[in-house]
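For the record, the sequence lines run as chains V and Z. If you're matching positions, the first sequence starts at 1 in UniProt numbering and goes up one per residue. If you're matching positions, the second sequence starts at 1 in UniProt numbering and goes up one per residue.
If you're looking for bench data, these hints aren't it; they were derived computationally from the structure. Just so you know, not all the hints are guaranteed correct.
[Unchecked claim] The calculated label-pair distances, taken between Cβ atoms and stated as ranges, are:
| hint | chain 1 | residue 1 | chain 2 | residue 2 | range |
| --- | --- | --- | --- | --- | --- |
| 1 | V | GLY49 | Z | SER97 | 19 to 27 Å |
| 2 | Z | SER55 | V | THR105 | 39 to 47 Å |
| 3 | Z | HIS6 | V | PRO201 | 48 to 56 Å |
Glycine residues also receive a C-beta, built at the ideal position from the N, C-alpha and C atoms.
Single-letter residue listing:
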Amino acid sequence: MTSAVARAAARARRPGARHAGGPRTLLLRWSPLVPATVLLLLFLVGPIGYCVLIAFTDTQLTGQESASFVGLANFRHAFGDPAFRNAVVLTLVFTVLSSLVGQNTLGLALAGLMRRASRPVRALTGAMVITAWVLPEIVAGFLLYTFFERRGTLNALLDQLHLPAQNWLFTLPIVAVSFANVWRGTAFSMLIYSAALAGIPQEVTESAEVDGAGGLRRLWHITLPMIRRSIGTNLMLNTLQTLSVFGLIWVMTRGGPGNRSQTLPVFMYDQAFLKSLIGYGTAVALLLLLVGALFSVVYLRLLREEV
Amino acid sequence: MRLPRHRHRLAADAGLLVVAVAFAVPLVWLVLASLDTEATLRVRLPTSPTLHNFSAVLTDEITFTPMLNSLLICGGATLLTVVCAALAAYPLSRFRSRLTRPYLLTVLFSTCLPVTAVMVPVYGLFVQVDLIDTRYGTALFLAAAQLPFAIWLMKNFMDGVPKVLEEAAWTDGASWPQTLLRVILPLMGPGVAVVAIYTFIMMWGNFFVPFMLLLSPEQLPASVSIFTFFGNYGAIAFGELAAFSILYSTPVVVLYILISGRLGGGFALGGAVKG
């Protein structure tokens with residue numbers, strides 16, 4: 001071991017040994033990046049480029065040859081299309097309800113309560129919330145479907161409490177899928193906030209307590225400001241995650257009834273494949289990508305401040 | 001001082017228990033329905049619990065073929081992802097260059113992009129290059145989609161391996177593949193395992209990608225076959241569906257438990273949160 005260190009040191013002292021950067025060495029050094037880069041270029045960057053291309057054509061599923069350049073027609077069509085606007089609104093509702101309000105607040109509340117709760121309760125709650133997160137998307141969707149269905153558990157429970165039952169997936173489909181997303185996604189926020197809260201020095205909380213700050217004041221003036229970066233990160237990642245949810249909604253409602261739970265990914269799928277309008281569907285996909293890219297840039301900014 | 005603290009704990013326990021029960025209800029349904037041959041959509045105790053549902057779905061058509069397909073697709077894709085990520089992480093972690101930071105930021109950026117949005121053009125592309133309805137094509141795309149995050153995680157784990165040892169290996173005349181394979185990767189074994197398992201879990205649960213890219217029933221992985229099972233049968237046998245859901249979910253739950261200690265509280269997306 002000592003000799004190894006000594007040899008390494010000796011090597012480092014040799015002039016130019018580590019920093020020799022002839023073009024060949026440089027090429028050799030960075031060659032391990034090649035497989036990953038090729039894979040990413042072929043299957044991720046390529047499709048995104050193709051997406052940009054197709055979005056400006058009238059490509060349909062049948063008869064690829066007939067596709068021609070139509071400029072901004074797809075986008076103009078989108079913004080004038082009530083079904084598209086409906087999807088945008090529903091995506092907003094879904095994101096705000098399930099991610100900004102639901103997952104985020106519940107995750108923070110759980111993380112906070114866990115710091116005070118007894119060990120077995122903490123373990124039990126953690127296990128339940130995390131299991132919901134780990135289950136495959138389709139299984140989660142299927143379980144929540146049985147929960148909200150007319151003959152399902154929720155109505156059975158309401159019946160027991162002598163409350164009126166409802167056909168949730170019919171009357172409030174977007175709310176039902178939002179709840180499903182909260183059920184499925186809260187674990188992530190819980191984990192992030194648990195880590196963030198664990199990072200607050202004990203003394204800070206204690207001195208505030210001594211100064212007589214109540215629970216809510218402590219939360220507002222001390223806890224939240226101290227974990228604001230985690231809040232930013234968490235909101236960003238939750239939003240991006242929620243923006244691309246497809247399977248959960250598809251299993252529970254298929255975007256229906258009508259189009260009352262048709263968020264953008266479902267709308268995109270519907271237009272591109274069920275209605276065979278690949279060009280139009282891709283334009284929608286491109287808009288979705290742009291929104292995602294915008295959020296990602298903000299997210300990277302947030303990170304950069306942190307570093 | 002003791003009394004309020006005690007009361008605090010009780011309140012916290014009560015609050016958490018309410019949430020735990022709410023989260024547990026669908027899971028309880030899953031377990032009970034799988035043991036109930038006359039399962040309905042609501043939670044109820046089976047009158048005579050049996051494993052009949054499990055034996056009913058343990059056939060080639062329902063369970064073994066889709067699970068084998070899942071294993072082939074996700075296993076192959078995971079292998080590819082881990083190899084590419086380990087290779088890519090090496091120069092990113094070891095050498096400084098003007099290239100490093102932009103590359104890493106690009107990788108992080110693509111980690112955030114909604115993959116769902118790319119599926120329509122990917123479908124179009126796959127039709128043109130004749131990769132549609134092939135398991136390896138699906139695996140290639142899954143690998144690419146999971147790669148940015150895997151590179152990011154892997155790079156952070158690799159940063160934790162001290163440089164001294166590999167410098168010694170270099171002096172002894174080892175080439176970089178030897179150094180990576182014999183010195184660095186063995187030292188970060190648990191990190192590699194976390195990347196591999198996490199990648200596998202994400203792919204195992206992915207529905208949209210194989211749903212779009214695979215067509216023939218005999219090639220479908222469990223995530224899609226369970227959907228057709230659920231969607232196309234006139235009268236759904238909920239008990240059997242629950243039993244199959246359990247069989248399909250077990251591998252990822254077990255794998256998650258294996259890595260949860262390392263991913264756990266400090267997980268915070270491994271390194272995605274830490275620059």
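Quick rundown of the hints versus the structure:
| no. | hint | result |
| --- | --- | --- |
| 1 | V/GLY49 <-> Z/SER97: 19 to 27 Å | 26 Å, holds |
| 2 | Z/SER55 <-> V/THR105: 39 to 47 Å | 44 Å, holds |
| 3 | Z/HIS6 <-> V/PRO201: 48 to 56 Å | 24 Å, violated |
The structure is inconsistent with hint 3 alone, although it conforms to all the rest.
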